[in-house]
Amino acid sequence: MTQFQSETTDTGIGVVRPVGRLNMVAAPRLRSLVAELVAQGTARIVVDLSETESMDSSGLGALIAGLKTARQAGGDLRIAGARPQVEAVLDLTNLRRVLRPRPDVASAFAGD
Amino acid sequence: MRGGASHLLQATAGPELLEPVHDLLARLWADEPGVDERDRVRFEIAVAEVAANIAEHGAGAGAARVSLRLSSSPDRIQAVFEDDGAPVEARPERPPAGDAERGRGLLLARAAVDRFSYERDGATNRWVLVLGDS
Numbered sequence: 020m021t022q023f024q025s026e027t028t029d030t031g032i033g034v035v036r037p038v039g040r041l042n043m044v045a046a047p048r049l050r051s052l053v054a055e056l057v058a059q060g061t062a063r064i065v066v067d068l069s070e071t072e073s074m075d076s077s078g079l080g081a082l083i084a085g086l087k088t089a090r091q092a093g094g095d096l097r098i099a100g101a102r103p104q105v106e107a108v109l110d111l112t113n114l115r116r117v118l119r120p121r122p123d124v125a126s127a128f129a130g131d
Numbered sequence: 372m373r374g375g376a377s378h379l380l381q382a383t384a385g386p387e388l389l390e391p392v393h394d395l396l397a398r399l400w401a402d403e404p405g406v407d408e409r410d411r412v413r414f415e416i417a418v419a420e421v422a423a424n425i426a427e428h429g430a431g432a433g434a435a436r437v438s439l440r441l442s443s444s445p446d447r448i449q450a451v452f453e454d455d456g457a458p459v460e461a462r463p464e465r466p467p468a469g470d471a472e473r474g475r476g477l478l479l480a481r482a483a484v485d486r487f488s489y490e491r492d493g494a495t496n497r498w499v500l501v502l503g504d505s
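Protein chains in written order, with this note's numbering: chain A, 20 to 131; chain B, 372 to 505.
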């Protein structure tokens with residue numbers, strides 16, 4: 020079962036970490052977690068994929084939904100720590116420009 | 372040199388299909404340690420997308436049973452899914468808009484492997500995915 024860890028950093032950035040597979044079972048929970056964070060006023064969000072074993076098109080859909088939700092609230096959603104499987108999904112779907120992977124959580128909003 | 376491993380899964384179409392599919396893939400890789408990571412990743416992406424499609428659409432369209440056979444030979448790895456769900460629209464898929472949240476699954480599967488085919492055979496949907504010489 021995929022677990023989600025979430026926290027807010029002292030600079031006000033929400034970090035969500037899916038642990039396991041980000042598939043059709045887990046994707047709806049990622050969507051609602053991001054929506055909750057944004058509703059609570061945290062519109063800058065990093066999804067830390069360093070412990071995400073694999074992601075499918077449902078997981079990708081949840082990230083794009085989260086991106087839209089965060090941007091509508093004046094923030095952004097960025098992904099960090101992607102493993103080769105997630106990198107391959109981004110390449111095969113030509114979404115690397117929409118969801119540009121950042122090396123890690125610390126650098127995801129660095130300089131913004 | 373790869374041997375001639377073959378693994379079969381028979382399951383119910385639904386989200387509970389997904390974990391056993393990953394377990395079956397793990398067994399294939401245990402038999403085929405020579406497959407490089409890039410190929411493993413691409414094959415898994417395609418297999419997972421077809422499994423998710425059957426799990427999602429099959430369950431809603433009356434599919435009860437699904438089988439998956441993974442096999443390998445010296446130059447190729449192959450996955451064959453068969454399910455008894457409703458026929459799948461075999462329309463050519465165009466990439467959705469960059470901000471679309473759905474509609475990428477089978478396109479992603481097609482892009483990940485060297486050969487992807489779908490056919491309706493009587494009351495059965497048959498999906499064949501091949502990486503390597505086809």
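Calculated directly from the structure, the hints in this document are not laboratory data.
These figures come from a predicted structure and were not determined experimentally.
Among the hints, erroneous ones may be present.
As the list claims (entries may be wrong) - Beta-carbon label-pair distances, calculated as ranges:
1) A/D29 - B/D492: 55 to 61 Å
2) A/R48 - B/R409: 55 to 61 Å
3) B/V451 - A/D110: 46 to 52 Å
4) A/R48 - B/P404: 31 to 37 Å
Unchecked claim - Derived contacts from chain B toward chain A, CB cut-off under 7 Å, selection only:
5) L380
6) A397
7) R398
8) G476
For every residue, glycine included, the Cβ atom is placed at its ideal position computed from N, Cα and C.
Against the structure, the hints come out as follows:
no.: 1; hint: A/D29 - B/D492: 55 to 61 Å; result: 60 Å, holds
no.: 2; hint: A/R48 - B/R409: 55 to 61 Å; result: 30 Å, violated
no.: 3; hint: B/V451 - A/D110: 46 to 52 Å; result: 26 Å, violated
no.: 4; hint: A/R48 - B/P404: 31 to 37 Å; result: 35 Å, holds
no.: 5; hint: L380; result: 17 Å, violated
no.: 6; hint: A397; result: 11 Å, violated
no.: 7; hint: R398; result: 16 Å, violated
no.: 8; hint: G476; result: 4 Å, holds
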